[in-house]
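Using this note's numbering, read the sequence shown as starting at 441 and increasing by one per residue.
Hints were generated in silico from the structure; no laboratory data involved.
Some hints could be false.
[What the hints assert, rightly or not] Distance ranges between label pairs, derived from CB positions: (1) A534 x V610: 38 to 46 Å; (2) P536 x S594: 45 to 53 Å; (3) G550 x A475: 18 to 26 Å; (4) A475 x E585: 24 to 32 Å; (5) G550 x D464: 56 to 64 Å; (6) D630 x P469: 40 to 48 Å; (7) M441 x A632: 48 to 56 Å; (8) E585 x P492: 36 to 44 Å; (9) G614 x I456: 28 to 36 Å; (10) G550 x F581: 28 to 36 Å; (11) N467 x G553: 30 to 38 Å; (12) E462 x T503: 17 to 25 Å; (13) A513 x R461: 46 to 54 Å; (14) P536 x D464: 26 to 34 Å.
Here the structure is a predicted model, which is why all the values come from computation and not from measurement.
Think of the CB as a built atom: it goes at the ideal place given N, C-alpha and C, for glycine as much as any other residue.
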Amino acid sequence: MTAREAWQAEFDRAGIPRLVRERDVANPPRHATVADGDRSADLARDSMRRRPLYLALRDGPATRLQGYAPDLAAATAAADRWLSGERPGPIAAAWPFLGSVALAEARERGDRGETRWLWLYGNHVADPVADRLAPFVELAFHVPELRALEPSTSHFHLHVGRNGPVVEPVGTSGRFRVHTRDGRTHDETDAAGALRIVLDSLPDPTT
441 MTAREAWQAE
451 FDRAGIPRLV
461 RERDVANPPR
471 HATVADGDRS
481 ADLARDSMRR
491 RPLYLALRDG
501 PATRLQGYAP
511 DLAAATAAAD
521 RWLSGERPGP
531 IAAAWPFLGS
541 VALAEARERG
551 DRGETRWLWL
561 YGNHVADPVA
571 DRLAPFVELA
581 FHVPELRALE
591 PSTSHFHLHV
601 GRNGPVVEPV
611 GTSGRFRVHT
621 RDGRTHDETD
631 AAGALRIVLD
641 SLPDPTT
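Please put together the full structure from these sequences, using the hints given.
Here you go:
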């Protein structure tokens with residue numbers, strides 16, 4: 441049974457009058473979508489994964505909520521509520537597999553920096569980049585000076601602000617190297633040590 445057929449059957453079983461279509465992607469049988477105006481709900485189904493049902497709730501091209509649904513019933517209920525016009529926060533509160541309420545609200549208001557910090561900190565989709573960065577992020581998340589800077593990731597590295605320090609995980613050991621703006625690569629250290637180096641490397645806001 442394709443993703444479209446399985447999802448349509450679940451909508452029908454629940455008595456929800458929605459039309460499920462295949463997505464125009466590389467492997468259509470594993471992808472399905474339901475739309476209502478600018479809003480859509482996309483489901484990816486992969487039996488090879490430990491959590492095979494990936495749901496993304498979108499407003500136009502922007503993804504507002506996403507996560508691995510525990511079953512088709514949860515994916516169907518969350519999708520219908522989204523397509524009926526509910527805001528992201530209440531949906532996240534009802535279905536935590538889609539991420540935290542704070543993350544949903546940050547995305548809705550377009551706060552990219554806060555969205556990225558919350559995405560890394562919550563890591564509700566078990567992202568491998570966030571997994572490696574977790575010991576550092578768990579500390580940095582609570583530091584206002586860092587929360588004010590927009591983070592980004594590339595090749596498992598965390599870039600803190602534009603042209604700021606770069607935190608590099610050393611494998612999966614929970615240890616890190618920090619590359620600072622002066623061109624230095626600091627010795628490998630634990631998360632607390634990396635945080636101290638990052639904070640020491642930030643420009644003085646009073647100068």
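Which of the numbered hints above does this structure break? Structure breaks hints 2, 4, 5, 9, 10 and 13.
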